[in-house]
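Engineer: Heads up: the sequence lines are chains A and B, in that order. All letters in the first sequence, in the order written, are residues 0 to 165 by numbering that gives the first Met the number 0. All letters in the second sequence, in the order written, are residues 0 to 102 by numbering that gives the first Met the number 0.
No lab work stands behind these hints, which were simulated from the structure alone. Keep in mind that this is a model prediction, so the values were computed, not measured. Treat the hints loosely; a few may be bogus.
Said to hold, decoys possible - Derived Cβ-Cβ restraints for the label pairs, each shown as a range:
hint, chain 1, residue 1, chain 2, residue 2, range
1, A, L161, B, N55, 42 to 52 Å
2, B, K101, A, V126, 49 to 59 Å
3, A, V114, B, L100, 36 to 46 Å
4, B, A42, A, G98, 43 to 53 Å
What the hints assert, rightly or not - To give an idea of the interface, some chain B residues facing chain A are shown, with a C-beta separation under 10 Å as derived from the structure:
hint, residue
5, V9
6, A12
7, F15
8, Y51
9, Q61
10, A84
11, L100
Every residue gets a Cβ at the ideal spot worked out from N, C-alpha and C, and that includes glycine.
Residue strings, one per chain:
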Amino acid sequence: MNVIFLTLSAVTVLGAVLAVTLRNLVHCLLALVLFFLGIAGNFFLMRADFLGAVQILIYIGAVAVLILFAIMLTRNISGTEGGRGPLGGAWWLGVGIAGTLAGAVCVFVRRSDLVTKFPYGATEEGVVKEIGKLLVSDWVVPLEIMAVLLTAALIGAVVIALEERK
Amino acid sequence: MSVPLGYYLVLGAVLFAIGLCGALTRKNAIAVLMSIEIMFNAAILNFVVFWYYLHNGALTGQVFALFAIAVAAAESAVGLALVIAVYRHYRSVNVDEMRTLKG
Numbered sequence: 000m001n002v003i004f005l006t007l008s009a010v011t012v013l014g015a016v017l018a019v020t021l022r023n024l025v026h027c028l029l030a031l032v033l034f035f036l037g038i039a040g041n042f043f044l045m046r047a048d049f050l051g052a053v054q055i056l057i058y059i060g061a062v063a064v065l066i067l068f069a070i071m072l073t074r075n076i077s078g079t080e081g082g083r084g085p086l087g088g089a090w091w092l093g094v095g096i097a098g099t100l101a102g103a104v105c106v107f108v109r110r111s112d113l114v115t116k117f118p119y120g121a122t123e124e125g126v127v128k129e130i131g132k133l134l135v136s137d138w139v140v141p142l143e144i145m146a147v148l149l150t151a152a153l154i155g156a157v158v159i160a161l162e163e164r165k
Numbered sequence: 000m001s002v003p004l005g006y007y008l009v010l011g012a013v014l015f016a017i018g019l020c021g022a023l024t025r026k027n028a029i030a031v032l033m034s035i036e037i038m039f040n041a042a043i044l045n046f047v048v049f050w051y052y053l054h055n056g057a058l059t060g061q062v063f064a065l066f067a068i069a070v071a072a073a074e075s076a077v078g079l080a081l082v083i084a085v086y087r088h089y090r091s092v093n094v095d096e097m098r099t100l101k102g
């Protein structure tokens, strides 16, 4: 049993649990950053260093800051004022559904013959270079579609969030 | 040194379940979006895990995870813009108060 894997998993799960249970949204966001860091650590552990760096840059650098701006722009930080959740305040129902899902997945994981598989082996040096070459040769059409999607998302976000003119 | 594939799959399932639980029980729309980010990350973790354990020297799995991260980033930008637009309209981000379409 790998100690690094256990530590990283514990940190990741702790961050996720705190992010969905804390009442103050800014504290939730800090826990979410811890969760993102744990995921990035797992990427590094799996020798996907480029993805780990991308994870830190995009999620902690961009998405977390974006969420922080949204929290500050909407002012309702505590999240406790009035009203109930989508399930009518029945938090145990949500926990039950999620627990059932996790249990079902674990049962299927146990039955699978992939479970005991071990890594294929370390990749060679220069993975970033190879990914770059793949992106502009085999995957150039998806890359361009992604560029269009990101442009559309940028323009769409600006249009949606723009103040309505009376 | 390394752990078997099953441990990572269970970790992914647990993280996804935590995110689902948050998306079902939180009432603040931004908290719901954070829970969706947790689910996204659990899925991306699974992509990378399957790449790491089953790749035959190919990097396609990493490229796919990269695309998934880009889509998730676009989703969160548009989602947060929607939350801000809803807040302008209703002066609230509680999801149970957005029920104009309820019959």
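Engineer: Each hint needs a verdict: does it hold in this structure or not?
Structural biologist: Results of checking the hints against the structure:
1. L161/A - N55/B: 42 to 52 Å: For L161/A and N55/B the Cβ distance comes to about 49 Å; the hint holds.
2. K101/B - V126/A: 49 to 59 Å: 51 Å, holds
3. V114/A - L100/B: 36 to 46 Å: Hint holds: Cβ distance 44 Å, inside 36 to 46 Å.
4. A42/B - G98/A: 43 to 53 Å: 19 Å, violated
5. V9: 6 Å, holds
6. A12: Interface hint status for A12/B: holds (4 Å vs cutoff 10 Å).
7. F15: 7 Å, holds
8. Y51: 4 Å, holds
9. Q61: 6 Å, holds
10. A84: With Cβ-Cβ at 5 Å, under 10 Å, it holds.
11. L100: This hint is violated: L100/B lies away from chain A, its Cβ roughly 14 Å from the closest one there, beyond 10 Å.
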